[in-house]
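Listed here are the chains, written in short residue letters.
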Amino acid sequence: MKFSGLRAYAFLYLVFLYAPIALLPVFAFNDGTVIAFPLKGFTLKWFAQLFENETLAGALTNSLIVAFSTSVLATTLGIFAARSATRYNYPGKAGAMGLIMLPLVLPEIIVAVSLLVVLLAAGVPLSILTVILGHVLVATPYAIAVLNAAFSSLDRSLEEAAYDLGETKWSTFRLIILPLVTPGIISSALMAFTISLDEFIIAFFLAGEQTTLPTYIYSQLRFPKQIPMIMALGTVLVVCSVMLLATAEYFRRRGIAKTGAKDTGGFL
Amino acid sequence: MSASPIRRWARSEAASGWFMVSPTLIYAMLLLAAPLATIFAYSFFKDGYLVVIHEFTTQNYIDAWSDPIFRTILFRSVLVSALVTLVTVLLAFPIAYFISFVVPASNKSRWLFLITIPFWTSYLIRVFQWKVILNFNGVINSTLQGLGIIDSPLQMLNSIGAIAITLAHAYAPFAILPIFVSLEKIDRSLLEAGQDLGESKLMTFWRVTLPLAMPGVIGAVMIVFIPTIGDYVTPELIGGGKLPMVANMIQKDMLKIDNKPLGAAVAVSAMFVVAAVSLLFLFLNRRFLKVGK
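Top line first, the protein sequences correspond to chains A and B. Position 246, counted from 1, in the first sequence is what the working numbering calls 252; the numbers after and before it change by one each time, with no gaps. Position 120, counted from 1, in the second sequence is what the working numbering calls 124; the numbers after and before it change by one each time, with no gaps.
No lab work stands behind these hints: they were computed from the structure. What you are looking at is a predicted structure, and each value in this text was computed from that prediction instead of being measured. Ideal placement from N, C-alpha and C gives every residue a C-beta, glycine not left out. Possibly wrong hints are sitting among the right ones.
Stated by the list, open to error - Label pairs and their in silico Cβ distance ranges:
#1 A:Ser177 <-> B:Ala19: 18 to 28 Å
#2 B:Asp71 <-> A:Thr188: 31 to 41 Å
#3 A:Lys46 <-> B:Trp69: 44 to 54 Å
#4 B:Pro27 <-> A:Ala63: 28 to 38 Å
#5 B:Ile261 <-> A:Asp37: 40 to 50 Å
#6 B:Gly52 <-> A:Asp37: 52 to 62 Å
#7 A:Ser177 <-> B:Gly52: 56 to 66 Å
#8 B:Asn141 <-> A:Thr188: 46 to 56 Å
#9 B:Gln149 <-> A:Glu60: 11 to 21 Å
#10 A:Leu18 <-> B:Ser110: 17 to 27 Å
#11 B:Leu194 <-> A:Arg180: 43 to 53 Å
#12 B:Glu17 <-> A:Leu18: 48 to 58 Å
#13 B:Asn141 <-> A:Ala63: 28 to 38 Å
#14 A:Val111 <-> B:Ser8: 52 to 62 Å
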């Protein structure tokens, strides 16, 4: 009965993974200022507080600007790198890709601190623009991971056929390659958006006087009075990111199906 | 068509490859390689209160390493990271095994998706939720008290264990995915061969499956260990700021004390220690990586 034991473990593990998230709505709808059991009754007032909060609205606007810009830039840079990595062989490729993918394993504090030092030395004022610079750096490797899968499942003979039929490099890219990798591009853009929306350390160091959603949340966690509202905010965020990811996953699978490759599953 | 060497090179595959990667590579050079080099350089500069004096000195490293607080924090960071890595990988292996060997092929990507969802939801809030779970009047204490198992609440927060659980939760998919990938690559007929040759299921696992899965396990260890050591939020929220790790020290040196060369020396020292521990680990496991090739 080894397998049923493993199955039970898998379900327990899912409980461990989901417990912190499952507790969010429990306290978000709880009519009590203290985050503890027993629960006090149902309320929507914490959600109402969210919508009246102007600082939060400002932080959210900033975060959306940052996330959208990061998403576009990281995906664009990701397309170049993924196309280069999957289509060409050249000396120094491993080193170039290694540097580009480095933020995946580098502690974010190192990225944040080194960028901070350089920007201050160069006299660049800190703002959400500098946050975007940092976010593009950390989101690009994830974009490349998704795009690599999309580009490597391309059949090279399609491209060669287009050349033979008189298409140029650019028109082949636009007419043949781009439509085939579009689902991968959408999926990568959504993922970069989600990463940026949630990123804290780089925003904490590089935003200067401005706040993003995570830095706002962090500043509020010190005040017990604000916690129920943060629980409501967390609930909203979880729902949003699950929807974003489900969309990303849908496009990723469709892209793989389109090029006829085998689904290896997973984002990373 | 004159075939000058430059023109020929410009049409070569290498040139196309470099040309294609150049926007991304230049971005990474300017905003990653150059800043990392700057931090390295800063760690050898002198601090002059509000300015950094560009004079070579090793004083920052001497100051950092002779400070017992720094040594304690660095030791604690390595210890916590190692503990987190051990817990994360041990908990993750059976899940990766389950998805690879038990779950039918059509359901595999659904399971992987299920495992990655929590990772994509607000990191700060997930960390904070562990505080809610482990608190004095938190979920675990009130459940145990409600069931009459304990009389007074357990003190679980502000401990290395609490930090380790929170980080093990945060890094779960990073450990599961590489192990899953290497398990998927195992030729299933090898396992049958093992059993046909008279090995028990357990011995087949120990002598065939595990060694073949080791590249994934090693990958998981690296991808959990290296970023964990630089975690800033968990020691602040779960450790209550009483158990700072190296990221908290870097932040303090860089921003609060505003001694950038010292902060840079701390950051470089931490990265050096991480690299040394990682290389040692890879060296000890080199025979498994050779099998992978």
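A quick look at each hint next to the structure:
Between A:Ser177 and B:Ala19 the beta carbons are some 21 Å apart, a value that agrees with the proposed interval 18 to 28 Å. Taking 31 to 41 Å as the suggested C-beta distance range, the pair B:Asp71 and A:Thr188 does not conform, at roughly 54 Å. Range check, A:Lys46 to B:Trp69: about 53 Å between beta-carbon atoms, so the 44 to 54 Å window is met. About 35 Å separates the C-beta atoms of B:Pro27 and A:Ala63, a value consistent with the hinted range of 28 to 38 Å.
Taking the beta carbon of each, B:Ile261 and A:Asp37 are about 44 Å apart, inside 40 to 50 Å as hinted. At about 56 Å, the CB distance of B:Gly52 to A:Asp37 agrees with the hint of 52 to 62 Å. Under the hint 56 to 66 Å, the C-beta atoms of A:Ser177 and B:Gly52, about 59 Å apart, fit the expected range. Between B:Asn141 and A:Thr188, the C-beta spacing of about 51 Å keeps the proposed range 46 to 56 Å intact.
Range check, B:Gln149 to A:Glu60: about 40 Å between beta-carbon atoms, so the 11 to 21 Å window is missed. Taken as a hint, the range 17 to 27 Å holds for the pair A:Leu18 and B:Ser110, whose Cβ atoms sit roughly 24 Å apart. Checked against the hint of 43 to 53 Å, the pair B:Leu194 and A:Arg180 passes, with Cβ atoms roughly 46 Å apart. Here the CB-CB span from B:Glu17 to A:Leu18 is close to 51 Å, well matched to the stated 48 to 58 Å.
Judged by the Cβ atoms, the range 28 to 38 Å given for B:Asn141 and A:Ala63 holds: they are separated by roughly 32 Å. Remark: the range hint 52 to 62 Å for A:Val111 to B:Ser8 is contradicted by a beta-carbon distance near 42 Å.
The structure is inconsistent with the numbered hints 2, 9 and 14, although it conforms to all the rest.
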